[in-house]
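Please arrange chain B on chain A, whose structure you already have, making use of the hints.
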Amino acid sequence: MSSRLLFQRVRKELGRDARVVIATAMPPAVEGRPDDYRLAPSRLIEDDQLEIHAVGGAQACDDPMAFLDGTQRIEVVGYVEATPVVAALVAAAVRLRVGGHFTTVARQQRAVLVGRPDVLESLAGTYTGFDPVPLPAEDVLHPLKSLEGAHRLIDIERSRLERDVGWVFRQTSDAWLVVDGVLADSGVWQDDARAIGVSKSHATLPFGGADLERYLTLPSGHRTSVFEPATWRIAPVRSWGLRLWPHEGHDLFHGLVRVEVAVPAATTAHADLVSRWLLAERAPLSRPDVRWDRLLYGVAAVERHLRAR
Amino acid sequence: MIGRVVATEMKPSTPHQFLFWTARDAQVGIGSIVRVESPGRRVYGVVTDAFAYSDLATPMDAVYGSDGDPVGAVEPSHRSEIRLFQTAVLRHEPEEPLQAVPLGEVHLASDADVAVALRMDTYTAGEKPTGIPIGLYAAGGLEAPIFVDADFLLGPEAAHLNITGVSGLATKTSAIEFFLTTIFQRFPVHKGRIAALCFNVKGPDLLFLDQPGTLTAEDRRLYDRLGIEPRPFTGARYFAPFKADGVNLNSLRTHPDLNPTEPLVWGLREVLDYAEVLLNRDDVDAKADAFIDFLAERVVGKEFTDEHTGKTFAVRSFAELEGFFRAIFDFLENMGRGAEIWRTHHVATIRKIRNRLGNISTRSKGLVTDDGEVNDLPWGTFQDRSVYVVDVAGLDPLAQDLVFARIVSKLREHLERRDLGVEHIVVFVDELNKYAPQDGQDTYVRKMLLDLSERGRYLGLVLFSAQQFRSQVHKRVVGNAGTSVFGRLDADELSTPGYGILSPAIKAKLAALPKGELMIRHPHFTQPIFLKFPRPAVLSGREGIERFPPEVEVPFEEAVVRRLRALDKGIQGNRIKDLVAGRTTDDVVRALHATIRNRPDDVTAFFIKCLGREVRTRTVAPRTGIAPLKAIDDPYA
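If you read the protein sequences in the order shown, they are chains A and B.
Position in the first sequence (first residue = 1) + 743 = our numbering.
Position in the second sequence (first residue = 1) + 7 = our numbering.
One should not assume that every hint holds.
[Said to hold, decoys possible] Chain A is faced by these chain B residues, among others (derived, beta-carbon under 7 Å):
| id | residue |
| --- | --- |
| 1 | ALA64 |
| 2 | GLY72 |
| 3 | SER73 |
| 4 | VAL81 |
| 5 | GLU82 |
| 6 | PRO83 |
| 7 | SER84 |
| 8 | ARG86 |
[Claimed, not checked] Derived list of chain A stretches under chain B, where covered just means 3 residues or more per stretch with a C-beta under 8 Å from a C-beta of chain B:
| id | region |
| --- | --- |
| 9 | 798 to 811 |
| 10 | 843 to 853 |
| 11 | 1022 to 1032 |
| 12 | 1035 to 1044 |
Since the hints were made in silico from the structure, they are not lab data.
All C-beta atoms in this analysis are idealised placements derived from N, C-alpha and C, irrespective of residue type, glycine included.
The shape of chain B in the complex, shown without the other chains:
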């Protein structure tokens, strides 16, 4: 026993909160879970605030009693002092009739008490338990594993997880990595297959998930206590676009000792399907939509004959699309003054769409190929308990938006058709305040994230998101997160209205929360709970970049060799260099992308075949002129 419930007329106990007092040295603090025992009733609560005061009537009495000298005053007795704790009720037993908390003995909660208090007993036991350990509650020398309900973390009852915390402590990334570890190891088999797709949006954060990290003995003890094996995501696959040269990867994960990062290359069709991403609020009008639909349905990927010009187009790449636009503009110019309409589309609309599409081709060179060759995520063959990381950290914001929009939309399409390869997919997006801001214009990505957060759980599409400032994220996105996690927060963020329900003491604790500790809200928990979690068993971005520094950007020929060597380590570099020597960059890139996409058994042969026969330049000898007529003696000839 550590204390007793106290209630006065001014501060009575209620069904939802009560006060208890303890000895001065009691091992109880903010976030401690306690059990109140009284005959016929047991109440569980979590400490939300703490007070201490003495019998000093006014501060002036202290001055008077010490003759105004706080240092030299002799004070043989310590004033009587109370340690009073305000506690929010977690659960009553019995639940009905719901009554005020009785004046009972207060005990620190044991493992079993924590399970009951947080209603974890309802989903961690039985034939088909759905509990997933997420950390350890620790107070007063006691430790208890905290489980969240998979049905409420990953759907279908509720879903999504949002984590907030100041940057620089690596708490958010570490927590997400740890959560994915526990989910992959403890997600119930009867609920189906699950995978995770993570967008790496800054630096090397998520680029070494397949490499084991350094764990302390304490970390290993925590893993053991949670029943989780500390191991990295060995099957993780990495995707990143090329740089503008089309051969060097736009990623920090390029060290040759690592499993190779796979290029992410999209063509015109992939971009056109998500052209709305490229349009800003002013662009989005019926005319633009109509012309994009026309391009998608009638032109791109098909044979299109323009009856006005009589020309036939086969548009499969940006280059061919540009030729198509050029033909339209030439036609209108030839028609003379006043010709502004082409097949009901105004020339201004056509120019706008051309500019936008051309823009993505230019700004996202490396992601978007001009030649129609595509290398994409393994749609339809996602593997159970696997992580897929798409590195968009080096991409232009417009291209990042395009990547988000297309990948999430494709995930949704496949989950709707039940042909993704897994039944549940966790999508992790960091910097959510950038992609789904509370203020600012309504972008396609924000709408997409809203839709995901509101309807994704029915499909098995689960959003794990993180940001520094929760208050700056769209309310519906964070509001739909069934589970919310909070790391250390700064005072400015804590002063925003969203944190109004937290007591000053909890805010103070959040403002000083050490690394490795979190506060979690989950639908089964009626109050936020503080917990600690071990360091993830994977290499952190910072450590990873030191141990596996990225390759320096190499010349074009060398980069081609490296890309091909990622497919076949036996590739002879000199031969490849000889093959590409003198060939145009576009030809080489096209051949390289085709080889990467097809992953042939004989990489060199396939690359040569794609490269095509070299049309060698031939030196033509200058004509020497007409030979002079033979001289004859006949002067009249």
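The shape of chain A in the complex, shown without the other chains:
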């Protein structure tokens, strides 16, 4: 069943309860995920100071390469006593590219209903197909705070699904795996020499001061020195910035990604090789997605697959 029909059904089911005020839209103030913008200075691994390295021309990876990404669709389906009830469909998949063609090799999906614990309890039995996820007590006082909390829970749920499908994929394949996002938040990839994290987000920047300026003015086709981000939670990783497209005339963040690999794989040669692979992944262009300058086509293909179902 498509997500649209799934949400329609749960609204219909909840609507049978007289206490539920059916809703169909998200309050604009909380659209999207709240990002925590900050600087988190990193430890340089490769050079004594932050250097800029030319990585060479784009070079396609001849081996099979997989891409992992997840999606989430969130809708407010109703309110009970001024508290939102949020439905979400989260999904994650791995698509393996062999000979240029993609095949979906792992996929998971979960529908969750997020709300005040007592509300979810009282609605039990009125809806089907959704797993209840209660909001923490601190998020239930203000409706918008509740929505923000719901977002956070759903993000966590999506990350969990991504880890799960990655793990499932790795049980059967040792192909290169490009993960959309960071590796450092997951315990799955800490020793995986064939996992490559590509982060499009710059909410947390790895340097400050002159190094930050250097980092953000990285020329196209160049990478920074390898460093260890300060933001790892589960296990340390190695990382570097890579400019996929010239930023001149656009924006400092245009075409800038941060690459992560596991510690055992972090050699200079490997950083250059992976960078050249990623430069090759600029084509085909992932337009019309607005993030086309940082969104690799393989990752976009996973997203498109998940959104189409």
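Then chain B, alone, in the frame of chain A:
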């Protein structure tokens, strides 16, 4: 399963068409028949168009993504691409209520599916099946025989077949020959007897139908798959007029090893009955009609006495008709100035008819005999499952028109009286755009073909026609063809309005259709179907002319011997040559035609009898003058 139906708000499924997508390597293409399965409903369709596109938003993105270098760009991922097929619905099950095509699984059609999709199950089964195999549908490794309904191909429900295709591929002729083979072998016995009459209008196209052709193993496999025995038309009979000399046949089928071509010779009566053919639009008026009627009813073949001149005429030949006209003109001239009317007919009208009739006698010398001897088609004794070929390729266009008009009219008369010998006759006319053009003057032949196409099916008179440009044929002639067949067509023809209902993809396929493949429209098929057919089991015209080259034109005496030898192989050539030596050409031709027409047991004796006693020329000794008187001595005597 090869695909799934897709429908969006912008491109929804309807009861008559739908879209489905497949994997990139699916064995499906334009013309493929598919089956859609969904709970409680099954839909059959034929692919009419195909689309492929990727997720590329604009071509400029490809340029940008490759840094403007389409050759050197590294592109490790192939863009997602869709193979989308537009499909026209052939049949719904159940038929009612008629609904939009559901979002179901799509399968390639099997043999049984093809039969149902094309409604062939309604006429190929039961106690009296009427299916006639016409070719094989092939797609995705599947092959299924395609049957047409005899009731809709040969009447009475619908009838006639028209085939269009570029010239030079021999597809049209081959297809007609193959269709006649299947019809003769599979036309249901309960529907009666059937024969075919083919006009050979160009070269040697249809002149070797009784000779086996060369078939490949693949051809034989196709015949086997269709349940047809690959064999030539062994009983085919050939007719052709003489050349102007009256003894050499005006045909390329004259090789002595072949069954002899029979001469087609008509006299004044045969021509006069179809005199309208000879008249152009300006000629056709009541006066001309009245005078022709007068000739036909009162003069030709009868004894006619002109009360003005007191002369009696017995007009049986063109020569005698000319004498009749001469007498009229002499009478009017003798009457003096102002005498322009003879028995209510104006002299100008009489002269016009005389010119027209004289014209056919001159331009069609060889077809039209001056002596009244006639050799014609076997009216009344047409044989079941036999082919009769009339070779008019070498005839003057006027004479061709006359042949068409008279033969078709005679077929019609006999079918109306139910005494032709068969209940159904297929008439094959090639180059239809020449005989029934969309534009141009309204000729007798065009009117006759129109009438045949509109009313022939009730009589069992069925027109199989062919042409290079369907758009140039009279709309009512091709429009009345229940079954239309299309071979390869050129782009100009495909751009004409008549092909507007075909999708661009089908047009593209038609423009490149290989030899041996056709597209067919038949009343039971709601959409055109592509099929392939085997090479006909008969010798092609080109091969035939190489294997059986025509005889070189021989001297008059030798030609007479050959014609007589066709009747009796034991004829002694020298004796015949001695017999005709010194005789006038007209006498010999008259005797020859009479012998051919009567087919006597003793050919030589009959020929001698017809030739008549020779009136030998006698040398008269010049008179020597009056002998001088005997001299006498009497000087006063």
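- Query: Taking 7 Å as the limit, does the beta-carbon of B:GLU82 come near enough to a beta-carbon in chain A?
  - Reply: 4 Å, holds
- Message: Would the hint on B:ALA64 be counted as holding, given a Cβ-Cβ threshold of 7 Å to chain A?
- Response: Cβ of B:ALA64 sits 4 Å from chain A, so the hint holds.
- Annotated coverage of the region 1035 to 1044 of chain A by chain B, confirmed only when three residues or more have a Cβ within 8 Å: That given contact holds, which follows from 3 residues of the region 1035 to 1044 of chain A lying within Cβ reach (below 8 Å) of chain B.
- Message: A closest beta-carbon separation below 7 Å is what the hint needs, so does B:ARG86 meet it against chain A?
- Response: At 5 Å from the nearest chain A Cβ, B:ARG86 passes the 7 Å test, so the hint holds.
- Message: Verify this for me: three or more residues of the region 843 to 853 of chain A with a beta carbon less than 8 Å from a beta carbon of chain B.
- Response: Satisfied; 3 residues make the cut.
- Message: Next item in the hint list is B:PRO83. Is there a CB on chain A closer than 7 Å to its CB?
- Response: 4 Å, holds
- Minimum Cβ distance from B:VAL81 to chain A below 7 Å? 4 Å, holds
- Task: So, B:SER84 near chain A? Judge it on the closest CB pair being under 7 Å.
- Result: 5 Å, holds
- Query: Going by Cβ atoms only, is B:GLY72 closer than 7 Å to chain A?
  - Reply: 4 Å, holds
- Query: Taking a Cβ-to-Cβ distance below 8 Å as contact, does the region 1022 to 1032 of chain A have at least three residues touching chain B?
  - Reply: holds (count 8)
- Message: If you count the residues of the region 798 to 811 of chain A with a beta-carbon closer than 8 Å to a beta-carbon of chain B, do you get 3 or more?
- Response: With 5 residues close enough to chain B, the hint holds.
- Message: Just to be careful: measuring from the Cβ of B:SER73 to every Cβ in chain A, is the smallest value less than 7 Å?
- Response: 6 Å, holds
Violated hints for the displayed structure: none, as all numbered hints are satisfied.
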